[in-house]
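Full structure from sequences and hints, please.
Letter 147 of the first sequence, counting from 1, is numbered 151 in my numbering, and no numbers are missing.
Source of the hints: derived by calculation from the structure; they are not laboratory data.
Incorrect hints may have been included.
Distance condition first, Cα-Cα at most 27 Å in a straight line; then the derived DSS-like pairs of lysine-lysine [said to hold, decoys possible]:
1) Lys95 x Lys59
2) Lys205 x Lys49
3) Lys200 x Lys49
Pair by pair, the computed Cβ-Cβ distance ranges are [as the list claims (entries may be wrong)]:
4) Arg67 x Arg206: 41 to 49 Å
5) Asp8 x Arg104: 15 to 23 Å
6) Ala68 x Glu165: 30 to 38 Å
7) Glu9 x Arg76: 46 to 54 Å
8) Asp172 x Glu61: 39 to 47 Å
9) Ala102 x Arg76: 16 to 24 Å
10) Glu52 x Asp184: 24 to 32 Å
11) Ala182 x Ala119: 20 to 28 Å
12) Glu61 x Thr6: 47 to 55 Å
13) Asn50 x Ala13: 27 to 35 Å
14) Ala68 x His178: 23 to 31 Å
15) Glu220 x Pro24: 26 to 34 Å
16) Leu22 x Pro118: 26 to 34 Å
17) Ala185 x Ala152: 18 to 26 Å
Think of the CB as a built atom: it goes at the ideal place given N, C-alpha and C, for glycine as much as any other residue.
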Amino acid sequence: MTTDEKLRAFYEAMLSTLGPQGWWPAETPFEVVVGAILTQNTNWKNVERAIANLKREGLLDPRALDDMDADRLGEVIRPAGYFRIKARRLKNFMHLLAERFGGDLDALFALSTPALRETVLSVSGIGPETADSIVLYAAGRPVFVVDAYTARILYRHGLIEGDATYDDLQALFHGALADDADLFGEYHALLVAVGKQWCRKRAALCSGCPLEPLLEEGQPVTEVF
DNA sequence: TGCCAGGCCGGGT
DNA sequence: ACCCGGCATGGC
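In structure tokens, the structure reads:
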């Protein structure tokens, strides 16, 4: 199988055994933005508490977050971890939104996909994964999201070298799949589901993984990341 | 009880 | 252009 065929086979295998994941878990595009920043290197369960706090305080709003004191915001999102830096990152995004788009997420999302990605990426504290999560799951554009699980899974299947970059991985998926935001969204969610259960850091728990039948003979499953 | 979680930045080589 | 320490809470 070619790499492209393997990536398509991965999707079929994961979808047929795990079913649709229904990502992103949020009620609104703005909640996706906030969740994308809060979940950086953090368990989603912790993020849920932080978002619940924001909702309870009526703070899930661009203006409210832009106006409020960073220290108080930090206390509200504390369960998400890295709370001081994440409060700053949230406010960085809200500041851009207010200054350049009138605090209107739809105005930002009116940009072309490349311009949207670059603009979001220009915010300090928003890197490629967070930006692409926003572009895909909040704005609905066909941009593939790469994360640590994606890299670990592809490495363990011999599809990438250890020095592959974010852009390398993204290009693999863009080359193998149709430009379909729903497909990209489901695929990334499935990779995360597989990663959580069978591809944890430093652990070689491949047994029972939906992708196990597709693992090449002799591929070492050792320390990655 | 230590290790891990849906990263990213800034300073140092 | 890399490399690395720092950031922090909660679950297993």
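Checked against the structure, which of the hints given earlier come out wrong? 5, 6, 14
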